[in-house]
Amino acid sequence: MSKKSQALPVDTVKFSSFYHDAFLRLRKDKVAVCCLAFVILLIIVAVFAPIIAPYPESYQDTSSILSGSSSEHLLGTDEYGRDILSRIIYGSRVSLMVGVVAESIAVVIGVTMGALAGYYGGKVDMVISRIIEVFASFPQILFAIVIMFVLGTGIINVFFAIGFVGWTSVARVIRSQVMQLKSNEYVEAARASGGGNLAIIMRHLIPNCLSTIIVIITMEIPADIMYEASLSFLGLGVQPPQSSWGEMINKARTYLRANPTYSIYPGIALVLTVLAFNLLGDALRDALDPKLKNL
Amino acid sequence: MSEKLLDVKNLSTYFYTNEGIVYALDDLSFSVKKGETLGIVGESGSGKSVTVLSVMRLIQSPPGKIVSGQIIMNGEDILPKSKKEMKAIRGDKIAMIFQEPMTALNPVFTIGSQIMESLRIHQGMSKKQARKKAIEMLGKVGIPLPEKRVDEYPHQLSGGMRQRVMIAIALCCNPELLICDEPTTALDVTIQAQILELINDLKKEFNTSVLMITHDLGVVAQVSDNVLVMYAGKEMEYGSVRQVFQKPLHPYTRALIDSIPTVENDRELLHVIEGMVPSMSKLPGGCLFHPRCERCMEICKAQKPELYHFKDGRRVRCWLYGKEEDGGDSDE
Amino acid sequence: MNDSLPLLSLNNVRKWFPVTSSKLSERKSYVRAVNDVSLEIKKGETLGIVGESGCGKTTLGRTMIRMYKPTGGQVVFDGKDITDYSDKQLRPLRKHMQIIFQDPYSSLDPRMTVSDIIAEPFVFQKLYTKAERKERVEELMALCGLDPIYARRYAHEFSGGQRQRIGIARALALTPRFILCDEPVSALDVSIQSQIINLLKSLQEKVNLTYAFISHNLNVVYHISDRIAVMYLGYVVELAPRKELYFNCLHPYTKALLKSIPNIDFDSEPIKAQLKGDLPSPLDLPEGCAFCTRCPHVKERCRREVPSLREAAPNHQVACHYAEELG
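Protein chains in written order, with the working numbering: chain A, 1 to 295; chain B, 296 to 627; chain C, 628 to 954.
Looking at chain A on its own, in the form it has when it is part of the complex (with noise of 0.2 Å):
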């Protein structure tokens, strides 16, 4: 055996896994990295919410009613003299919460769900496609209010809401990925091998589609923060005095002349939150899509 048939090409010596590759890719683009890098910042912002915020979160300075910006309140209060500024901190934890649990519930059911339908085809995708269709077919934010009316409010029972409804998106484009990969002939080598079915697709099919499931969840993600918002605007999702944005733009309705932006204040934050993610989950497609390698 030669010793030179074992040797790699040069340019082989350093580590080069998918993921490294991809992570280069998307450090070349600007845009991806703010957004990443608000993404990060929100995440610190959230968990260390009690020591960032300058008051507690129902602290009621009863000496400012809906005030605006002053030194002391720098985005101004609420109609309980809450600070504006802690109740957007503290609502972030539960804008990122519902992203990622309710993503995680959609993305546990989709992932099976498509998997399945996928791998086995015939008569289990017929009836599994069928289910995907009815579920897709309900007005997602129609769907998450009856299930809260049923299982009633509370910010627990929002994220069951959102991620047994967001589950079809996942299944479906796992569904089309994982028809295409069985068909490698990795997977044939698997078989040859003694390789049972659900070993396949728990071994090589579900990683390969991998970076596909980043990708829905970051673009996920800020759908299920609106949904939130929605639901917490329409008094179905977080309970007084837990705050979220969606509640906060809910209360600042009705004193729209009081404090203006008492208001735009949380939207901005939801706004920017939701694009950041849209944005990521842009950049992250193109970073891990393999075709764009070396180019």
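Don't take each hint at face value.
Straight-line Cα separation of at most 25 Å, DSS-like style, residue types lysine-lysine; simulated pairs [said to hold, decoys possible]: (1) B:360 with B:378; (2) B:304 with B:606; (3) A:28 with B:379; (4) B:435 with C:899; (5) C:722 with A:182; (6) C:753 with A:182; (7) B:360 with A:28; (8) A:182 with C:696; (9) C:696 with A:123; (10) C:886 with A:182; (11) C:886 with B:498; (12) C:655 with A:123; (13) B:499 with C:899.
Which chain C residues stay away from chain B? Per the calculated CB distances, all over 10 Å, these [what the hints assert, rightly or not]: (14) 679; (15) 705; (16) 833; (17) 911; (18) 923; (19) 926.
In short, the hints are calculated from the structure, not lab data.
Note that the Cβ used here is the ideal one computed from N, Cα and C, for glycine as well.
Knowing the structure of chain A, use the given hints to seat chains B and C on it.
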């Protein structure tokens, strides 16, 4: 001695990528005379496809760029031509057929309309005239019942048929130069024989010069007059097919010929070329082939050999040659 | 060295794929990928299977190792009739029969490291401890000409030839007795093909393997095989030892095939197409000999009657009514 149709001089094409500059073609020179068939042989990474894409000015820019050289067609350098001028040349004066007929043909248009498109754009024919010519071309390339099949779609034809349609599209405007980029690699061997025979017949009928790109030495031998052997973006050897295959000069050419299993070349273990084609962004110093060359000498590791011209027209880029006794002179 | 009992034998094997039609009432039609194939592969032998696209060689290969279930006929491996084995029954047999694929790119999971890929069969068959697996992977890599220090690399970092070596190492992991080589060098550069062919040959001796080698490249098949089967539209039309096949072929299709290979021998005639037209559709095979639509010597009997594979010369089988006259 007929005149030169295509004269490529010192062509260099580089690709600027994240991982560095890829020297796809480096200082390549060759020519094709009127009525001649030149075969360009090389493996993956040799730069053969980049060569023809450069000649056609079809290099994606960015990241590719033709950094220097001249491409002289009929006495005129086409490198400085504008995009508009090139569009007029492509399909009309220079035509190309590709490896994968399914992806080269548009699946949503009939094969007739794809032939007619070229005729109407380049020769200004009316629809009626173009259709007539299209049917004629389909007949010429050996498609049975052309009047019927002219309205069929690519997916209704077999691989061999589709390749014939591609040839029809390429030849319908009677180009001076036909470039074939691995035209039979995706085809079965009996269909390949049909296509090669067709190309041979048609090039005589239409008096077209052919540039045939392939990795298959047998195909080159059957179709070409002369052959250019490429490796890692550079020319390694040039000569008539008979000269090069019967008496190869460059160790790479020789090793390539030896490593192909044939019924005659029947031994226990095949001759092997050790190692791999180098990555284009990290080329070895000295002669590009030296890490894999059986006859590597000290000078090969240190210095790049120049192209050495023999008096009989053969060329080789190797330190084994280049002495006055060989009866030739070397490049500057 | 060679046992008298064949390792693998196929008796009248047939594999047809139903064509799913959109209308519920339409009569079912089948793609007749493999038709009535009977052959044997002896221990330690390499059987080459050649043919052009649509001849059924890939399907035959998969059916041989029971990745497909035959529609008809019998597959016997090492004396056991495995035709009707369930997946569960086949699992322990997977140790003995393996496959090397054509495409070095789609045959390796891009998310897995080399050692994961090679060790996966151990995971499926529940063999060895973690440490043992690591050792075994390194052995296999070395056996296939790969430096074991690259075990934690990802497949995409390797060239086509090296990826194929990884695929071979994976196929060897369970110490199989039989390997189906499905066009293992067709996607590789010419100068790499010879490396891999030599590797396969040397492994055969070292590890005591029996091969079925599928390819459309007649020269490669000639080089590596002991006997060669030529397929056309799902039928085996000729089966003979390699030299006998090449120098004394009897079937008109084989003759056309051999003459179509472009060679660099300048003293032979320039290439001429041996066959006209295209392959008939496997959905709609001729009633008689599958080759009758293109055979230059076709006669009435050929159109009516399917010729069976019979011995026309010592150890040389042909499926042609007129093989002796034409030979």
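List of violated hint numbers, smallest to largest: 3, 10 and 14
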